[in-house]
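S.K.: So the sequences go chain by chain: A and B.
Our numbering applies: residue 1 is where the first sequence begins, and numbers increase by one.
Our numbering applies: residue 1 is where the second sequence begins, and numbers increase by one.
There could be a bad hint or two in this list.
Stated by the list, open to error - With a straight-line Cα cutoff of 16 Å, these simulated EDC-like cross-link-like pairs (lysine to aspartate or glutamate) come out:
| hint | chain 1 | residue 1 | chain 2 | residue 2 |
| --- | --- | --- | --- | --- |
| 1 | A | Lys34 | B | Glu274 |
| 2 | B | Lys251 | A | Glu270 |
| 3 | A | Lys251 | B | Glu261 |
| 4 | B | Lys26 | B | Glu217 |
Said to hold, decoys possible - Interface residues of chain A toward chain B, partial, derived using beta-carbon atoms under 10 Å:
| hint | residue |
| --- | --- |
| 5 | Glu161 |
| 6 | Asp164 |
| 7 | Asn173 |
| 8 | Asp255 |
| 9 | Thr260 |
| 10 | Pro269 |
| 11 | Glu270 |
Said to hold, decoys possible - Residues from chain A that keep clear of chain B, each with C-beta distances beyond 10 Å, as calculated:
| hint | residue |
| --- | --- |
| 12 | Glu42 |
| 13 | Ser48 |
| 14 | Val50 |
| 15 | Asn80 |
| 16 | Ala88 |
| 17 | Glu113 |
| 18 | Asn116 |
| 19 | Asp152 |
| 20 | Gly191 |
| 21 | Lys202 |
| 22 | Glu261 |
| 23 | Leu264 |
| 24 | Met267 |
| 25 | Trp273 |
| 26 | Glu274 |
| 27 | Thr287 |
Simulated from the structure, these hints should not be mistaken for lab results.
Where is the CB? At the ideal position from N, CA and C, for every residue including glycine.
Take a look at the letters that make up each chain.
2 protein chains.
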Amino acid sequence: MAEITKEEITKWFQGLQDSICNSLEKLDGKSTFKEDQWDRPEGGGGRSRVIKGGDLIEKGGVNFSAVSGPTPEKILNALNLPEANFFATGVSIVLHPQNPWVPIIHMNVRYFEMSNGIWWFGGGIDLTPHYVIKEKAQNFHQYLKDTCDKHDSEFYPRFKEWADDYFFVKHRNETRGIGGIFFDRLTVKDGKSKADHWQFVKDVGETFIPAYTDAIEGLRDKNWSDADKNWQKIRRGRYVEFNLVHDKGTKFGLDTNGRTESILMSMPPEANWEYDYQPKSNLELETQEQLKKGINWIA
Amino acid sequence: MAEITKEEITKWFQGLQDSICNSLEKLDGKSTFKEDQWDRPEGGGGRSRVIKGGDLIEKGGVNFSAVSGPTPEKILNALNLPEANFFATGVSIVLHPQNPWVPIIHMNVRYFEMSNGIWWFGGGIDLTPHYVIKEKAQNFHQYLKDTCDKHDSEFYPRFKEWADDYFFVKHRNETRGIGGIFFDRLTVKDGKSKADHWQFVKDVGETFIPAYTDAIEGLRDKNWSDADKNWQKIRRGRYVEFNLVHDKGTKFGLDTNGRTESILMSMPPEANWEYDYQPKSNLELETQEQLKKGINWIA
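Here chain A stands alone, though its shape is the one from the complex (with noise of 0.2 Å):
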């Protein structure tokens, strides 16, 4: 079988950023994706959608890169390897939506090569609830285990452990969310090939817009008062906490000069800070309390 090449996971990338957008427009069925294509000086470019003042999404992204160039000094240094050129592509996705109740959901599916050879498969899908609602948690990490089962009995609960370790905001001792799947420089090994590999992070992919559609389902219409709305820009306010202070995708990307506005659509519409703020109701104390790792959600 003839190995998976970077022209072809780009071309499936490329689809299902415009299969996600589809069914994300339809999804909200008011806004719709703005494209802003662009290019990299040193190689490559992407297609970044945006979303916003939808019906159910308030801000939302779903992004498309594919670049190359000359090898960060970073990942060269941290593999200890001389020079090489880099190849990178993958899709990354951050909803936030208008109503509290609905969750926040981010989704990312990437490939990396290097023309030494070495290559990697990388991802994972987490959802970031304002309120945790237990049948909803389970059923988004029943989604998970589901796709990783079909290819490893292994992989839900090593990816699951990893997203917990990962998505965790350690100034906060707390979690981002109720996790998910989050996973790194899948290569070949334990008997599993590229395509192998490959397959996962399609299935992964294609998890997404089912995943989502299930933890939006009968809240997106839910009311919400003016105290639910401050609580969702707390639990924002500590989104950005996390995306700008632990997440080595938003370092990486600001440090090698990535597309600043493509990196930062994960920042969301509105936030806020209140120094100390304590829960002020019994379900955004059981939220916080919830905010923790190892966590059998499934159980």
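Starting from the known structure of chain A, arrange chain B on it as the hints suggest.
M.R.: Quick look at chain B alone, frame taken from chain A:
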């Protein structure tokens, strides 16, 4: 003359916090500061004072701390020194105003010493107007220059340039605001004694209230529109980006397990992000165009 002691410095900084809070409560005229005293498990502690919902100040903090213990690895490694204990004390201020015409202001004055005899002073004041007003910018820099000039005619140009470089939002290619002064690791050199440096730092601390009083004069009662408020929130988003991505003090505090609520008192009450925001008025555009290094505000 007896050497300046850490006890003397600590006491003076506490007094500075008191007098600044006092003056700010008078300036605000509506809200008062709420104090939290806290202890640091490894040694020392602080008094965080926050004000919110004022007539002038929407959210602000004036923090004093005096902490001690084993010197963080990061500092020892940077200086290539063996283990030593440290002591650090300082006052930090960030004030976010209600009115978009009023600037955000920040000040920090600090003293650091180690059991190996090494010590230094640091600090700075900088102004972040949502709308840059030439005359106000000139006055602000004049206050700082006058304070500097009392000590050394080299200080203002040197520390003004240092502020331009420090308060720079690299990923936006813009300065945080109109800058001010920034200095660090002032120690015995250039013929200056510890007493000289200490007098300079005290003078900087005492420049805060007069400089701020001028900066808000005639602006706090100016009418503002929804568009002005939105621009203010966009600019606050950039303030968040600087503080969480670039500010070394914030990073150091969060990395070394500092008190998160005290460190992040600098966050604005409300901040907005819009994808690829473009200035919507001449005033916004003129402000944007003045967010660059090397402007001689006094000339």
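S.K.: All hints, please: hold or fail.
M.R.: Taking the hints in turn, this is what the structure says about them:
Among the hinted pairs, A:Lys34 with B:Glu274 is consistent with the structure: their alpha-carbon atoms are about 13 Å apart, no more than 16 Å. For the suggested pair B:Lys251 and A:Glu270, the alpha carbons sit about 23 Å apart, so the restraint of at most 16 Å is broken. For the proposed pair A:Lys251 and B:Glu261, the alpha carbon gap of about 23 Å is over 16 Å, so the pair is violated. Of the pairs offered as hints, the one joining B:Lys26 and B:Glu217 holds, with about 14 Å between alpha carbons and a cut-off of 16 Å not exceeded.
A hinted interface residue such as A:Glu161 counts as satisfied when its beta carbon comes closer than 10 Å to some beta carbon of chain B; here the least separation is about 24 Å, so the hint is violated. Below 10 Å, beta-carbon pairs count as interface contacts, and A:Asp164 has none with chain B, the closest being about 20 Å; its hint is therefore violated. For A:Asn173, the suggested interface contact is upheld, since its CB lies about 9 Å from the closest CB of chain B, less than 10 Å. Interface hint at A:Asp255: satisfied, since its Cβ lies 9 Å from the closest Cβ of chain B, which is below the 10 Å cut-off.
This hint holds: A:Thr260 has a C-beta 5 Å from the nearest C-beta of chain B, less than the 10 Å allowed. Using the Cβ-Cβ criterion of 10 Å, the hint placing A:Pro269 at the interface with chain B is satisfied: the shortest such distance is roughly 6 Å. The closest approach between the C-beta of A:Glu270 and any C-beta of chain B is roughly 5 Å, which is under the 10 Å cut-off, so the hint is satisfied. Under the 10 Å C-beta cut-off, the non-interface status given to A:Glu42 relative to chain B holds; the minimum distance is some 16 Å.
Its closest Cβ contact with chain B, about 8 Å, brings A:Ser48 to no more than 10 Å, contrary to its assignment away from the interface. Listed as outside the interface, A:Val50 is inconsistent with that label: its C-beta sits roughly 4 Å from the nearest C-beta of chain B, within the 10 Å cut-off. With a least beta-carbon separation of about 21 Å from chain B, A:Asn80 lies farther than 10 Å from that chain, consistent with its non-interface assignment. At roughly 19 Å, the least C-beta separation between A:Ala88 and chain B is larger than 10 Å, which holds for a residue marked as non-interface.
Once the 10 Å rule is applied to beta carbons, A:Glu113 is consistent with being away from chain B; the minimum gap is 26 Å. A cut-off of 10 Å between C-beta atoms confirms that A:Asn116 is not in contact with chain B; the least separation is 29 Å. Every CB of chain B lies more than 10 Å from the CB of A:Asp152, the least distance being 36 Å, so the non-interface label holds. Here A:Gly191 stays apart from chain B, with its beta-carbon at least about 40 Å from theirs, past the 10 Å limit.
Distance check for A:Lys202 against chain B: the nearest CB is about 28 Å away, which clears 10 Å, and the non-interface claim stands. Some Cβ of chain B comes within 10 Å of the Cβ of A:Glu261; the nearest lies about 5 Å off, and the non-interface call is violated. Not every CB of chain B lies more than 10 Å from the CB of A:Leu264, the least distance being 7 Å, so the non-interface label is violated. For A:Met267, the shortest C-beta to C-beta distance to chain B comes to about 4 Å, within the 10 Å cut-off, and the non-interface label is violated.
Listed as a non-interface residue, A:Trp273 fails to keep its Cβ farther than 10 Å from every Cβ of chain B; the least gap is roughly 4 Å. Under the 10 Å C-beta cut-off, the non-interface status given to A:Glu274 relative to chain B is violated; the minimum distance is some 7 Å. Once the 10 Å rule is applied to beta carbons, A:Thr287 is consistent with being away from chain B; the minimum gap is 19 Å.
When each numbered hint is compared with the structure, violations occur for hints 2, 3, 5, 6, 13, 14, 22, 23, 24, 25, 26.
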